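Colleague: In case you want the letters, here they are:
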Amino acid sequence: MRRLLALGLAALGCAATAPAATGPAPAFEAPLPASVERGAVVYRKACASCHGARGDGRGPGAAGLTPAPRDLTRGTYRYRSTPSGSLPQDADIARTVLEGAPGTAMPGWRGLLTTQEIVDVVAYVKTLAPRFARKQPKEPLEIPEPIPYTADSVARGAQVWVRAECGKCHGKRGRGDGWARADELRDDTGQVVHAADLTRGVYRSGRTRQDLYRVIRTGLDGSPMPSYADALTPEETYDLVNFVLSLERSSGVWDWLATSPTWYDACDRRVPR
Amino acid sequence: MGRLGFAFAVVLAVVGAAASPAAAEPYLAQREGWKCSKCHVNRTGGGKRTTFGWQYAVTQLAAAPWDGGRLIDPHFNDFVSVGANFRVSSTTAFADDVHNTFESQEANLYLELQAAPRLIAYADVSVAAGSVESREAFALLTLPRGMSLKAGYLLLPFGLRIWGDDEFTRRETGYNYAAPDLGLEVGVERGPVGVFLAVSNGAGGGLDADNWKKASFLGEATWRRARVGLSGSWNRSATREVILGGLHVGLTLGRFVILAEGDVLETRFLEEDDAARSLLVYVEGDALLARGLNLKLGYGYHDPALDVSEDQRMSARATLEWFPRPFVGASVSYHLRESVPQDEVGNADLVVGELHVFL
Numbered sequence: 001m002r003r004l005l006a007l008g009l010a011a012l013g014c015a016a017t018a019p020a021a022t023g024p025a026p027a028f029e030a031p032l033p034a035s036v037e038r039g040a041v042v043y044r045k046a047c048a049s050c051h052g053a054r055g056d057g058r059g060p061g062a063a064g065l066t067p068a069p070r071d072l073t074r075g076t077y078r079y080r081s082t083p084s085g086s087l088p089q090d091a092d093i094a095r096t097v098l099e100g101a102p103g104t105a106m107p108g109w110r111g112l113l114t115t116q117e118i119v120d121v122v123a124y125v126k127t128l129a130p131r132f133a134r135k136q137p138k139e140p141l142e143i144p145e146p147i148p149y150t151a152d153s154v155a156r157g158a159q160v161w162v163r164a165e166c167g168k169c170h171g172k173r174g175r176g177d178g179w180a181r182a183d184e185l186r187d188d189t190g191q192v193v194h195a196a197d198l199t200r201g202v203y204r205s206g207r208t209r210q211d212l213y214r215v216i217r218t219g220l221d222g223s224p225m226p227s228y229a230d231a232l233t234p235e236e237t238y239d240l241v242n243f244v245l246s247l248e249r250s251s252g253v254w255d256w257l258a259t260s261p262t263w264y265d266a267c268d269r270r271v272p273r
Numbered sequence: 001m002g003r004l005g006f007a008f009a010v011v012l013a014v015v016g017a018a019a020s021p022a023a024a025e026p027y028l029a030q031r032e033g034w035k036c037s038k039c040h041v042n043r044t045g046g047g048k049r050t051t052f053g054w055q056y057a058v059t060q061l062a063a064a065p066w067d068g069g070r071l072i073d074p075h076f077n078d079f080v081s082v083g084a085n086f087r088v089s090s091t092t093a094f095a096d097d098v099h100n101t102f103e104s105q106e107a108n109l110y111l112e113l114q115a116a117p118r119l120i121a122y123a124d125v126s127v128a129a130g131s132v133e134s135r136e137a138f139a140l141l142t143l144p145r146g147m148s149l150k151a152g153y154l155l156l157p158f159g160l161r162i163w164g165d166d167e168f169t170r171r172e173t174g175y176n177y178a179a180p181d182l183g184l185e186v187g188v189e190r191g192p193v194g195v196f197l198a199v200s201n202g203a204g205g206g207l208d209a210d211n212w213k214k215a216s217f218l219g220e221a222t223w224r225r226a227r228v229g230l231s232g233s234w235n236r237s238a239t240r241e242v243i244l245g246g247l248h249v250g251l252t253l254g255r256f257v258i259l260a261e262g263d264v265l266e267t268r269f270l271e272e273d274d275a276a277r278s279l280l281v282y283v284e285g286d287a288l289l290a291r292g293l294n295l296k297l298g299y300g301y302h303d304p305a306l307d308v309s310e311d312q313r314m315s316a317r318a319t320l321e322w323f324p325r326p327f328v329g330a331s332v333s334y335h336l337r338e339s340v341p342q343d344e345v346g347n348a349d350l351v352v353g354e355l356h357v358f359l
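Taken in sequence, the protein lines are chains H and D. The numbers in the numbering used here rise by one with no breaks, and the one at position 59 of the first sequence is 59. The numbers in the numbering used here rise by one with no breaks, and the one at position 340 of the second sequence is 340.
In short, the hints are calculated from the structure, not lab data. A portion of the hints provided could be inaccurate.
Residues from chain D that keep clear of chain H, each with C-beta distances beyond 12 Å, as calculated [what the hints assert, rightly or not]:
| hint | residue |
| --- | --- |
| 1 | R171 |
| 2 | R224 |
| 3 | A287 |
Output of the computed footprint for chain D on chain H, the stretches with three or more beta carbons under 8 Å from beta carbons of chain D [to be verified]:
| hint | segment |
| --- | --- |
| 4 | 39 to 52 |
| 5 | 250 to 258 |
Taking CB as the label site, the calculated pair distances span [as the list claims (entries may be wrong)]:
| hint | chain 1 | residue 1 | chain 2 | residue 2 | range |
| --- | --- | --- | --- | --- | --- |
| 6 | H | A229 | D | V88 | 51 to 61 Å |
| 7 | D | G219 | H | K138 | 29 to 39 Å |
| 8 | H | K135 | D | F76 | 28 to 38 Å |
| 9 | H | W254 | D | A318 | 46 to 56 Å |
| 10 | H | T199 | D | E266 | 45 to 55 Å |
| 11 | H | T199 | D | V193 | 27 to 37 Å |
Being a predicted model, the structure only gives us computed values, none of them experimental. Beta carbons are placed, not taken as given, at the ideal position from N, Cα and C, and that holds for glycine.
Based on the sequences and whatever the hints tell you, model everything.
Modeller: Right, here's the structure in full:
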């Protein structure tokens, strides 16, 4: 079982340390076909307390969590490898279950749920949103190899940052202090959301450069973060990724003192440049 | 009694005082900015963990997860779930002589039955040291708008339900794990505010011998980085009246948590038309040194009679807590204690090592 789990994680690009090749994460093999019934048991154990028994994000543990747990009945997923507006691939949901969403209350279940349990709970989660019964997810984006992190690439990325108006939400220096400070950004449920502080090096959907590329290209459905797949070339996107990485502050004593590593920053690990 | 016998009696008393059935960890709630009810079935803290609390223990509390193994799920189905707290300790007391003993500080089993969508039956049973005792046994009805009604054998609401019944604010107030009572509790939790009012026999957990009841109150507001709470209690019998008031606060600064409670206890002796007032203080600082590793510094102060000088007690403790894996904790602590000269027990310093397994 341990070997299978390792295989599954490798297929998902979820290795803990190495910047794994990611993007369109392929479905992974479990010993048994996915079972909605078994998935319901896993969901009750691992998900229902926050996402609610019906998946509406109103579980008993949801109170006080910021951002609020996602309403899974809407079938709108932020972290996908598929184009904006599309349903996610199974592997996209599995990746979020395994890795969690650092900077939020969503924990990663890597090492805590078996491959079979992951496959099963993904199958069950899809039954919570009628949208999955009506539509199929689109093909995942192709994610090319990253452009090396160089001064030239970062400089080009700075120009892309200005042209794409990233600073309007993320702030001039990427601190998340653009419009978001004025509470003008809201998600599809009407909740106020804050643009990510990119100087912290905490990324909710993975910490490799391919992960950042994917987020920029697919956007975060249900949030104000749009897709830039049509606006930027792949090269420009990687230049922008490299610029974003250049915004990270180095961790000092004050960061250590001021940051609690549990829960909200559980997966705060820097992206290898 | 010979010198050896006296020393043995002192050690027994010291260890007895240090035997602190411990479950709730308010510093964790403070660190995350949550109410007690987020992680515990008992809305004022302690005892069985909720599904969320279990998940927190699985995914966040420990230094590292179990390596790919299948986790025990304490939720058998939608209706039945269990929990447990087991602690075994090794206590070394530094009185006239140095003595060491192992002890089962806590062995509690929890059972939660979901009888109806908003109704649970709950039991907390201690099986430590060869005896079986009920610590809590109640029915909890959850009502709309954050209201709840609890009836049965309860831990009453008051102050910070810190670990360690030997702390002055727990031991001297009588609001501790060793003193549940029969009664009724009404609670409201809305937004950041939680208010709980309990009415109980006030007869030490037994049947009431008079027509007076004990009233206990806890009101608390909890925000992301701070909390403030007020507590009150009133208990009267034919011969005396006990009034208790308390204020507690919590503050989170990055990796650091500060908790503090101050209580004033007034006992009125009705037949003698006399009264005694005492002051109880507890301050705790916690530092998260690394994931799963917590340093706790605690200070307790007790002035048993405000109008008498030179009778104060003090205790200070430094504890290093480590959660290497989910559901496993280990700690070592040093207790520095000072009391009046004739109090051998209160003056004995302690070194306590503890292993904690929970579910």
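Colleague: Against this structure, judge whether each hint is valid.
Modeller: Here is what the structure says about each hint:
| no. | hint | result |
| --- | --- | --- |
| 1 | R171 | 30 Å, holds |
| 2 | R224 | 8 Å, violated |
| 3 | A287 | 9 Å, violated |
| 4 | 39 to 52 | holds (count 6) |
| 5 | 250 to 258 | holds (count 3) |
| 6 | H/A229 with D/V88: 51 to 61 Å | 59 Å, holds |
| 7 | D/G219 with H/K138: 29 to 39 Å | 53 Å, violated |
| 8 | H/K135 with D/F76: 28 to 38 Å | 36 Å, holds |
| 9 | H/W254 with D/A318: 46 to 56 Å | 25 Å, violated |
| 10 | H/T199 with D/E266: 45 to 55 Å | 54 Å, holds |
| 11 | H/T199 with D/V193: 27 to 37 Å | 35 Å, holds |
Comparing the model with each earlier hint shows violations of hints 2, 3, 7 and 9; every other hint is respected.
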